[in-house]
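Given the coordinates of chain A, assemble chains B, C and D onto it according to the supplied hints.
Spelled out, the chains give:
Protein chains: 4
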Amino acid sequence: MAMTGVLRPGHIQLRVLDLEESVKFYKDVIGLIETGRDKQGRVYFKTWDERDHNSFIIRQADRAGFDFAGFKVSDVETLYKLEADLVAYGVKTERIAAGEMLETGERVRFELPTGHLLELYAEKTDVGNGQSYENPEAWVPAAEHGIAPIRMDHMLLYGPDIEKAQAILQDVLGFYLVEHVVLEDGKTDLAIWLSTSIKAHDIAFVRHPEPGKLHHVSFLLDSWEKVLRAADIMSMNRVSIDIGPTRHGVTRGTTIYAFDPSGNRFETFCGGYQSYPDWKAIKWTMDDVGRGVFYHDRKLNDTFLTVVT
Amino acid sequence: MAMTGVLRPGHIQLRVLDLEESVKFYKDVIGLIETGRDKQGRVYFKTWDERDHNSFIIRQADRAGFDFAGFKVSDVETLYKLEADLVAYGVKTERIAAGEMLETGERVRFELPTGHLLELYAEKTDVGNGQSYENPEAWVPAAEHGIAPIRMDHMLLYGPDIEKAQAILQDVLGFYLVEHVVLEDGKTDLAIWLSTSIKAHDIAFVRHPEPGKLHHVSFLLDSWEKVLRAADIMSMNRVSIDIGPTRHGVTRGTTIYAFDPSGNRFETFCGGYQSYPDWKAIKWTMDDVGRGVFYHDRKLNDTFLTVVT
Amino acid sequence: MAMTGVLRPGHIQLRVLDLEESVKFYKDVIGLIETGRDKQGRVYFKTWDERDHNSFIIRQADRAGFDFAGFKVSDVETLYKLEADLVAYGVKTERIAAGEMLETGERVRFELPTGHLLELYAEKTDVGNGQSYENPEAWVPAAEHGIAPIRMDHMLLYGPDIEKAQAILQDVLGFYLVEHVVLEDGKTDLAIWLSTSIKAHDIAFVRHPEPGKLHHVSFLLDSWEKVLRAADIMSMNRVSIDIGPTRHGVTRGTTIYAFDPSGNRFETFCGGYQSYPDWKAIKWTMDDVGRGVFYHDRKLNDTFLTVVT
Amino acid sequence: MAMTGVLRPGHIQLRVLDLEESVKFYKDVIGLIETGRDKQGRVYFKTWDERDHNSFIIRQADRAGFDFAGFKVSDVETLYKLEADLVAYGVKTERIAAGEMLETGERVRFELPTGHLLELYAEKTDVGNGQSYENPEAWVPAAEHGIAPIRMDHMLLYGPDIEKAQAILQDVLGFYLVEHVVLEDGKTDLAIWLSTSIKAHDIAFVRHPEPGKLHHVSFLLDSWEKVLRAADIMSMNRVSIDIGPTRHGVTRGTTIYAFDPSGNRFETFCGGYQSYPDWKAIKWTMDDVGRGVFYHDRKLNDTFLTVVT
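Protein chains in written order, with this note's numbering: chain A, 1 to 309; chain B, 1 to 309; chain C, 1 to 309; chain D, 1 to 309.
Derived by calculation from the structure, the hints in this document are not laboratory data. Fair warning: there could be bad hints in the mix.
No copy is singled out in the list; a pair is fine if it fits within one copy or between any two copies.
What the hints assert, rightly or not - When the alpha-carbon atoms are kept at most 20 Å apart in a straight line, the in silico SDA-like pairs for lysine to any residue are as follows:
no. : residue 1 : residue 2
1   : Lys-24    : Arg-59
2   : Lys-187   : Tyr-133
3   : Lys-283   : Gln-131
4   : Lys-92    : Gln-170
5   : Lys-92    : Asp-171
6   : Lys-39    : Gln-13
7   : Lys-164   : Gly-186
8   : Lys-280   : Val-140
9   : Lys-187   : Asp-288
10  : Lys-24    : Pro-141
11  : Lys-280   : Gly-105
12  : Lys-81    : Thr-4
13  : Lys-187   : Gly-290
14  : Lys-280   : His-53
15  : Lys-27    : Val-140
16  : Lys-213   : Arg-109
17  : Lys-283   : Ser-132
18  : Lys-299   : Glu-134
19  : Lys-92    : Asp-67
20  : Lys-164   : Pro-209
21  : Lys-81    : Thr-93
The shape of chain A in the complex, shown without the other chains:
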């Protein structure tokens, strides 16, 4: 009851072009903590304040982009229940053995109609946030190493058939629609933001002809001042900034979009409202979508709809 089923985006795996350059980038610029490497050569990271062993994984490849994302569910029973529900809904699932990812239990993988691999899992080792669970401090020095986000928060994926992905996520996995952009026909969604909690978005999609693409993975900061600090750190490190600091109209969050050394877009953001499933979804129309995406510029920049990995 209350907060059950699918809890949150728990991990995302991206492809990078140069592993060690990327490790250095994610450790020292983004400020993630490297928590392990596996036999496949993948490197695992977590943010300073996350408790589970990993949330962000990279592997070297010839092409940057999105491998898969995993959502943590409340327990193993729920995992199998949701697996059965997916199958009953007509979604093909695959089990991946515990341990295939470091410190992570069994995963149930399926492909969304948008061409993205998603996974559910119930277990990932709690390695703590660098503090005791008894009488902790407010934060630790790692909270100031690099941009140092609080958590890997959500992702925006590009692909076709987003309404079919939405149906699976809503009907089977319990997500709900928070905001959407409707095309000129007044009925087809260009973009949807979905939540499985009271976050304004746990995952989002934009309709796009090519399947399986990543627009960005997003990291949470805890203030607008930290957004400025993130922009400063990006500039000091000559990171390619796409746009920001600015505010989104959608979700009201404050944001920067930028690119990792392989061209994968990431976001460092803060704020925005918290949403509830009994709330009516907010709708944006195409004549105002620029303000919806970038509240201050009030127009999409050149890269928003075109540059994905």
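Okay, now just chains B, C and D, sitting in the frame of chain A:
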């Protein structure tokens, strides 16, 4: 699935000594919006960004304090399901007809072992947050009238038998423990913070001999700078400030405690972490509880354990 | 001694295309307070926290742009002393009688080699900041009407012969150089930022073929969060934003550039360091000037060097 | 002209009880940079953003407290001019040879009627702020080591005859009165805040029977969020906090008072308004002085008038 069952604290009713003085206070100092008055003489308020018709209700009485609080559940089926679950658990429930509170559906009321009346309800009229649900702005002028919190967020209640209240909230209603203070015996909780979402607290209790007491009702702000602004506005209006601006160790939120004209304590707070039900609860011991409650002063102030309404 | 001579930019007069539209803009969007109108039809404004009667004046004309700016000096003796110093330096001066501007004493006007009219004056009526000078509050409601800057802070002017303007301001009027951008020849300045106090800039110039042009007049805000609020208010009012929120490399201030309804650029900014006359000036070279001007984008936008009024 | 004569508080020397414990405190908690030690055993510090070699000096002694403070003047001619002016005013002066303090030129020392030794000096080696003066970044990693203030900003001194100290500072050295607290007699000042720039205070005094006492030395931060961060760091290091985070009514600055390991009070503060010498001083009366000092609590705490070193 995901965010279901009990969603959030949806309303709280307090007693005040002078109704019109209190209305003025809650409208112009706290910055709530008056949304109605009923035949019983109760005055209803909401915050600018809440969508449901009311969240904060006052009535005139000879003694200040807490009447009851209501939690919104996801739908009417859930309401009856939880009612049955409560009864099955041995909790006596009472139905209150739709409309007894303005714009509010049927409520299921029960008394916690701490002496507090709680209610569940599934329906309250969506009156919006002063904006269209299509192409909205980031905020509206009402967001700057008085302290102007985002929402009525949680409450801290004082009473006996808090472990019995906790059992009902956890076992029947799906709350989970986020943090607690353990007495010197190492096993009895002095205080517990419970969540029904990913908020670090939707309700909290402190063990206290007298039942049914209110420590504070809490209003959410969206930045530490808004906490400063709240303190300034309190001072400009000569509001009695209990403590703050400061930070809590528990939940890490930044905070001010102050008193309404009747002596009811309220909090205006921001931030703190977000919690998940798979997380281990944080424990505070009595030798460090001062830092847990007031992170900077690192000691309880005189009023914290004694002044309640 | 200490803080003497030329104290600060005290007023600036701009031309606007539609007076009443501009009055509405400066009152309700920028949040200035209208303090008077004179027989010439000029409208006078001050910010909420300024104490002198006016700091920002507009008049209707066929072409937007800069009329003149005035610097307040410490007293009337200093005014005449500086007038004599200007004349001795070879600068032609003109006296304008007290009262020609509302609530303003005698002014000594001269033209800079960049084609801009500057003035010195010693007297402007203290009308207060809306509070008593005895036991004041921290701020007043006017501090939240519109963008509500603290003060008219500085201006950036475009014109030829900026080194000659600099010589007059330094040698005669006591300004000092804080930062500058040097052209590829390694010796000619493209841009100079000058201070007459510990502000990082009281006036600035960019070398430009056309004389007497305005790049922007700048209004001070007191936090980065107020910069976000300013951007929000601009967007709500569909103000044309040139760039920002972002940070300048020069002075480190955080900033938004935007345009008034007549196309005059204004800045709302916060922060940056404070400077002292014993400090070595900071130099920017052309290969890094983009980062100097816009620290996050690290390139000049199209309008920076071309759009002036 | 403009910013001349006495520029700013440039150094302060305090006595501490345990030198190495204090060095560790000022380096790792306050976040100062140690820049040298001299043959007398004194340890020299600067903040990360100060350019001169030192601003804060400690020496070991049996009793904590204030040795002296030095104000930088614009040049050597000014130094001798002010020395002559002091002597002409009846103030006894003493020259201290260049080099007696590390990297510091000749000093002119005199005693205020309050029993405090002040010094003027014109030269201190520019060692930079950790960046080039060509194409710098917005900040450096040292800006996040410990509390990491921007500068040693001002000091509040306790002693008798503050009106005589004020006379010297105003009549000879060019300071001006910004705010003051007037005793019940309506004419005697309890406290005065004086500026030699556009800072709301470069030095302040409270009337006190015992001469030569230190209330606090103050370090500047650049945002209210940094004030919170400072309080957090103090708490993490179990620093004794006197009061705060809060706001002053006087100057409007946000603040924390705390004690170093020897019991010397220091302040970390941000903001407040900027002042000009043509402004009327703000007056506080004894019935409202609590709000003047601590704007939110609206009463003096027990230690404010009694605990000094």
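Checklist line | Violated hints, by number in ascending order, as checked against the structure | finding: none
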